[in-house]
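Enquirer: What follows is each chain in one-letter form.
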Amino acid sequence: MAGRLEGKVAFITGAARSQGRSHALRLAEEGADIIAVDIAAPVESIGMYPPATEDDLAETVRQVEALDRRIIATKADVRDPAALKSAVDDGVAQLGKLDIVLANAGVFEIFPALELADSAWQEMIDINLTGVWNTCKATLPHLIENGGGAMVLTSSTAGLKGTPNTIHYTAAKHGVVGIMRTLANEFAANSIRVNTVHPTGVDTVMIQNEKTRGLFLGGAENPTREQAAEAFEATNALPVPWVEARDISNAILFLVSDEARYITGVTLPVDAGYTVK
Amino acid sequence: MALTSNHEGKVALITGAARGQGRSHAVRLAEEGADIIAVDLCAQIGSVAYPMATPDDLAQTAKEVEALDRRIVTRQADVRDMAALQAAVDEGIAELGAVDIVLANAGIAPQLTSDPDPDHEQAFRDVVEVNLFGVRNTVHAAVPSMIDKGQGGAIVLTSSTQGLTGRGGDGSGGMDGYAAAKHGVVGLMRTYANWLAEHKIRVNTVHPTGVQTPMIENDEMTAYMEANPGISAALENLMPVESVEAVDISNAIAWLVSDHARFVTGVTLPVDAGFTVK
Ligand SMILES: NC(=O)c1ccc[n+]([C@@H]2O[C@H](COP(=O)([O-])OP(=O)(O)OC[C@H]3O[C@@H](n4cnc5c(N)ncnc54)[C@H](O)[C@@H]3O)[C@@H](O)[C@H]2O)c1
Ligand SMILES: NC(=O)c1ccc[n+]([C@@H]2O[C@H](COP(=O)([O-])OP(=O)(O)OC[C@H]3O[C@@H](n4cnc5c(N)ncnc54)[C@H](O)[C@@H]3O)[C@@H](O)[C@H]2O)c1
Chain A
1 MAGRLEGKVA
11 FITGAARSQG
21 RSHALRLAEE
31 GADIIAVDIA
41 APVESIGMYP
51 PATEDDLAET
61 VRQVEALDRR
71 IIATKADVRD
81 PAALKSAVDD
91 GVAQLGKLDI
101 VLANAGVFEI
111 FPALELADSA
121 WQEMIDINLT
131 GVWNTCKATL
141 PHLIENGGGA
151 MVLTSSTAGL
161 KGTPNTIHYT
171 AAKHGVVGIM
181 RTLANEFAAN
191 SIRVNTVHPT
201 GVDTVMIQNE
211 KTRGLFLGGA
221 ENPTREQAAE
231 AFEATNALPV
241 PWVEARDISN
251 AILFLVSDEA
261 RYITGVTLPV
271 DAGYTVK
Chain B
278 MALTSNHEGK
288 VALITGAARG
298 QGRSHAVRLA
308 EEGADIIAVD
318 LCAQIGSVAY
328 PMATPDDLAQ
338 TAKEVEALDR
348 RIVTRQADVR
358 DMAALQAAVD
368 EGIAELGAVD
378 IVLANAGIAP
388 QLTSDPDPDH
398 EQAFRDVVEV
408 NLFGVRNTVH
418 AAVPSMIDKG
428 QGGAIVLTSS
438 TQGLTGRGGD
448 GSGGMDGYAA
458 AKHGVVGLMR
468 TYANWLAEHK
478 IRVNTVHPTG
488 VQTPMIENDE
498 MTAYMEANPG
508 ISAALENLMP
518 VESVEAVDIS
528 NAIAWLVSDH
538 ARFVTGVTLP
548 VDAGFTVK
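One line per chain: the protein sequences are A and B, in this order. Under our numbering, the first residue of the first sequence is numbered 1, with each subsequent residue one higher. Under our numbering, the first residue of the second sequence is numbered 278, with each subsequent residue one higher.
These are computed hints drawn from the structure, not numbers from a lab. Owing to the predicted nature of the structure, the values given are computational and were not obtained by experimental measurement. C-beta atoms are modelled at their ideal positions from N, C-alpha and C, and glycine is treated no differently. Hints are not guaranteed to be accurate.
Said to hold, decoys possible - DSSO-like mimics (lysine-lysine), calculated; alpha carbons at most 30 Å apart, straight line:
hint : chain 1 : residue 1 : chain 2 : residue 2
1    : A       : Lys75     : A       : Lys277
2    : B       : Lys555    : A       : Lys277
3    : B       : Lys555    : A       : Lys97
4    : A       : Lys75     : A       : Lys97
5    : B       : Lys477    : A       : Lys277
6    : A       : Lys161    : B       : Lys477
To be verified - Using C-beta positions, here's what the derived DEER-type ranges look like:
hint : chain 1 : residue 1 : chain 2 : residue 2 : range
7    : A       : Arg62     : B       : Ala511    : 51 to 57 Å
8    : B       : Arg444    : A       : Glu210    : 47 to 53 Å
9    : B       : Gly323    : A       : Ala113    : 58 to 64 Å
Stated by the list, open to error - Computed footprint of chain B on chain A; a stretch qualifies when at least three of its residues, placed anywhere within it, have a C-beta under 8 Å from a C-beta of chain B:
hint : stretch
10   : 134-143
11   : 217-231
Please take these sequences and the hints and turn them into a complete structure.
Expert: Dropping the structure here:
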């Protein structure tokens, strides 16, 4: 059976692991070829969970190729517009065109607002906000050239609602919605659709670490996954602690498919009812 | 090929299923294996200028679902009449089993009239009764069977871009009521999403822009637009399309009620060619 994205090419940032890898595999399962980038290295102000590695990115490549799809993977930082542009241009040169863009790369840290170092604020904005715009800027010319396409920017429930101790993350994720709304208007005439997804907690290292568990548990020491599950569940309306990367991939697959051909400018929570609660 | 996972063995209650979007939803879910309880008034409401559905329309929906080898129970009932609606739903459940999916889709648009001097108060009352009370009745008629079954479920309420914006407002009783009721549907969705979460029943709204159905493809609508050029300009989409097709709304709904959206609840999903972001 033909896949739903047969013949399409997708660019994905932060594709080394977790959600980014899951998106790459989900789209590849449906027939898409992939252009992948990831920093695959530490980010200075992020200390609460380990960084993705070059091995992780290589594993994404292996798994996409196991699905018999092509993938061009580059180690690149979304803060570096030139590196992004050359990764995109090179991928398009090899795979022929670009239809889909997923701005997924991002980092997370927890600090009380007044204890946040200026440099940590700046680094967060540079990656989670400016990095998203850099991704759009590097890819839009190819989508225009293609005669249209679909972009999905990964925001967060923190892009719709405020929580303490995440000032830089929350500001950046709200800003991503502004990027989406502007581009949806500016490029509608080019048949480019732009939407955001807003995950609640996703079961990845970004939340499965001691510091994040501690935040949810009000500072408990050495909190376990089980203790954290209870606290996370209390924040959602549905009786689940977190969702799987695959759930975000399924939402993104719908948004970039032809079934959503008239959906643009939309903020789509995949959040177990976090924002409605 | 259908994008969403399949609905084999599921039962879907759909109101306003005689034609238009309701019929399209019935066919779309039946294609994926669902059996259908189809309810429609199949009669005219006084303040509605365009012709509403007929019993023949409802029979045509049944034919199309049966052609897909799925079962369908059709009933003529008014969503404003809780007793009649409950009886229809109960008969459907007796035949097909408990409900898994509810689509509260029935609606009217009395603002779309060529009459320069309509009965504004009547139009306001009618549209609020059908588009808001009717949605509440639909959910309450089905939910007890869903909770009893204990398998969770998914509910989609059909709102409109008029449930998120007031663009095109003209002070007529019909328009006032349509916008108020469609905004009210969002309130119902949000309170139901909280109410039903513990039962793993998800509740969302869809917000279509103009959809090519008999509601807007009729002489009354054409006359209304010609008489109100300001409104037709206000109702332009962001994407370069005048309107979308019923199947576009069905596709969004089919995704929302599928396992692919198993953690999506409490969401307002526009299918509006960028109307609300414009
Ligand atoms: N996990 C959650 O609970 C959660 C919830 C809501 C939103 N999100 C968002 O989802 C996205 C994916 O997160 P995840 O959960 O998969 O976490 P993750 O840390 O496992 O993955 C993020 C990936 O982005 C990469 N990355 C980080 N900075 C980069 C940079 N400057 N340039 C290029 N790549 C970079 C990382 O190396 C990593 O591979 C992020 O935008 C995150 O903010 C996550
Ligand atoms: N067509 C559009 O442009 C558009 C745009 C946004 C939202 N909507 C909404 O979509 C839904 C479906 O509309 P459609 O476009 O398919 O129009 P339609 O007129 O073709 O279908 C509506 C159906 O609802 C039935 N109905 C009306 N009142 C009823 C009642 N009291 N009890 C039972 N059934 C009743 C009608 O008989 C008809 O079959 C409505 O809620 C409408 O408000 C339509």
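Enquirer: Looking back at the numbered hints, which does the structure fail to meet, lowest number first?
Expert: Violated hints (numbers, rising): 1, 10 and 11; every other hint is consistent with the structure.
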